[in-house]
Amino acid sequence: MKGVEARAVASIVKFENVGLRYGMGAETLSDISFSLAPGAFYFLTGASGAGKTSLLKLLYLAQRPSRGLIRLFDEDVVTMPRERLPALRRRIGVVFQDFRLVPHLSAFDNVALPLRVAGVDEGEIAERVGEMIAWVGLAGRASARPATLSGGEQQRVAIARAVIGQPEMLVADEPTGNVDPEMATRLLHLFDALNKFGTTVVVATHDMHLVSRVPNASIMRLERGRLDDPTGALRYPPRVPA
Amino acid sequence: MTLPFAFTAADRRLLPEGRAAGPMPWVIAIMVFLTVLAAAAGLALASSARALGDQIAGRVTIQIVEADRVARDQQAEAAARTARALPDVRDVTRVSDAEIAQLLEPWLGPGGLELPAPALVDVDLAVPAALPRLKTAVARVAPSARVDAHAQALAPLRDLVGALRWLAGLLVLLMGVATAACVVLAARAALNTHRETIDVLHLLGATDIQIARLFQRRIALDALFGGGLGFAAGALVLILLAGRIGAVGSELVGSVRLEPAGWLALVAVPMAGALLATAAARLTVERALRRSL
Ligand SMILES: Nc1ncnc2c1ncn2[C@@H]1O[C@H](COP(=O)(O)OP(=O)(O)OP(=O)(O)O)[C@@H](O)[C@H]1O
Ligand SMILES: [Mg+2]
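One line per chain: the protein sequences are A and B, in this order.
For the first sequence, the positions run 130 to 371 when this note's numbering is used.
For the second sequence, the positions run 97 to 389 when this note's numbering is used.
Please keep in mind that the hints were generated in silico from the structure rather than gathered at the bench.
Idealized CB from N, CA, C, for every residue including glycine.
Fair warning: there could be bad hints in the mix.
Covered by chain B, per the in silico footprint, the following chain A stretches (three or more residues, Cβ under 8 Å) [what the hints assert, rightly or not]:
no.: 1; region: 185-191
no.: 2; region: 205-215
no.: 3; region: 241-252
Produce the entire structure from the sequences given, and follow the hints as far as they go.
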């Protein structure tokens, strides 16, 4: 009993019987229950339309569930007043499936956004963003607007923006869909490096090849809005050694 | 935990450069222009009403309408003497025939005094309440006397000026409401235009206050621009009008003028407009943001 409690507290994310319904239709997500261990690496897989993006939206606080319980960083985010959500969102880095770059801002300013929101001073921003942009191979394109970047370049800007704040949790929705295998490997290394520093990583992808590249990752499978968890390992994950 | 006032120098870059879309600055310019004129009218009328009040309070004219010139003069003298003897009477002046002739000349032409003109005695009362006593005392010694208080004669004019002042005040108020409504619409339009950006900022952890400040700033700048323009145009019109009023040369019209304090009040119009716009923008944006998660 004591052990279960300790595990519960140790989870960075905990879903219990979560359901999500858009409008009046059937539930897009049903009876989702799982816990994510801090510092672990997760892949979320499933067919197109299975509800991966919907689940991630709940995770990065873009959506409240229709039912069920969600705890994030050990706080109940379902009933949390909305004024308290921004503070939690700053602890999460998100790569949106559709990138969501701000069209009138340069690549540099897009990457700098989370730091500006958090009030980091401009000197530090210049340094950190410069480094990050170089790391994703866009050093020469820092002042380009998103519309003038290729799909893969935009995706790299989106990833750089998600990781620049060294978030406690990284949520990435199909982050390698538009890049060549070589860049995909490079980006995976970036996630892995972040993960080594303690960031919990959740990556939604179709790409089973990508999944096989991170041997110690756990896999969550969504099937028509339900989580496939035959062993119960997702509900009660084994502790990850620090 | 939330940082209410992050976004500093880089604020500008979070929303596209340039003024808010749409005609809002120009509408504000027109509103401020009209408000300045209405406020100036109200202030000038106030000073005119004050001047009018100062001039006529306690001023009384005794008119002796009597065809017989000798009886007329006797009664005028008696009335003047009686008035002088009363308490609360500051000054009594018999208006000479020459002055009356001068007063009547524009209407009657030279030599108009061949007609029987009334005798006039100007009385200046220390307190308006002394009027009834003056009336009874004068009636006793001068049966043909008519005692007219200027305040009474000018009451309709005073009422008119008063009503116009209220109207001016009402116009200023209505213009304020219209300006606020216009800003609310502009803020909503701006919110719609930048919906995507706002959503992203929200998801990256920006607070409502941070986002509202971006719009508030933009709209405040627009309002200041429009307000300055409207004020400049209004002031120009007022200066031109003041010249025209001076050229009329009438005492009554001439009293319709703006004092330095009035000009100061007018400068406050665009400032108040900008403040109003900022507050309206902020409230609108914060209300709209509260509807999102
Ligand atoms: N905002 C929305 N309103 C209504 N229905 C939605 C909305 N978003 C998603 N859906 C529906 O929910 C279901 C799951 O969508 P979701 O985007 O979560 O799938 P996904 O697993 O991410 O798919 P993909 O791999 O193609 O990205 C789909 O049937 C979709 O039509
Ligand atoms: Mg998806």
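> Taking a Cβ-Cβ distance under 8 Å as contact, does the region 241-252 of chain A have three or more residues in contact with chain B?
Replying inline: holds (count 8)
> Within the region 205-215 of chain A, is the number of residues with a Cβ closer than 8 Å to a Cβ of chain B three or more?
Replying inline: Answer holds; 5 residues pass the 8 Å Cβ test.
> In terms of beta carbon proximity below 8 Å, does the region 185-191 of chain A have 3 or more residues touching chain B?
Replying inline: holds (count 3)
Against the hints set out earlier in the document, no violation occurs for any number.
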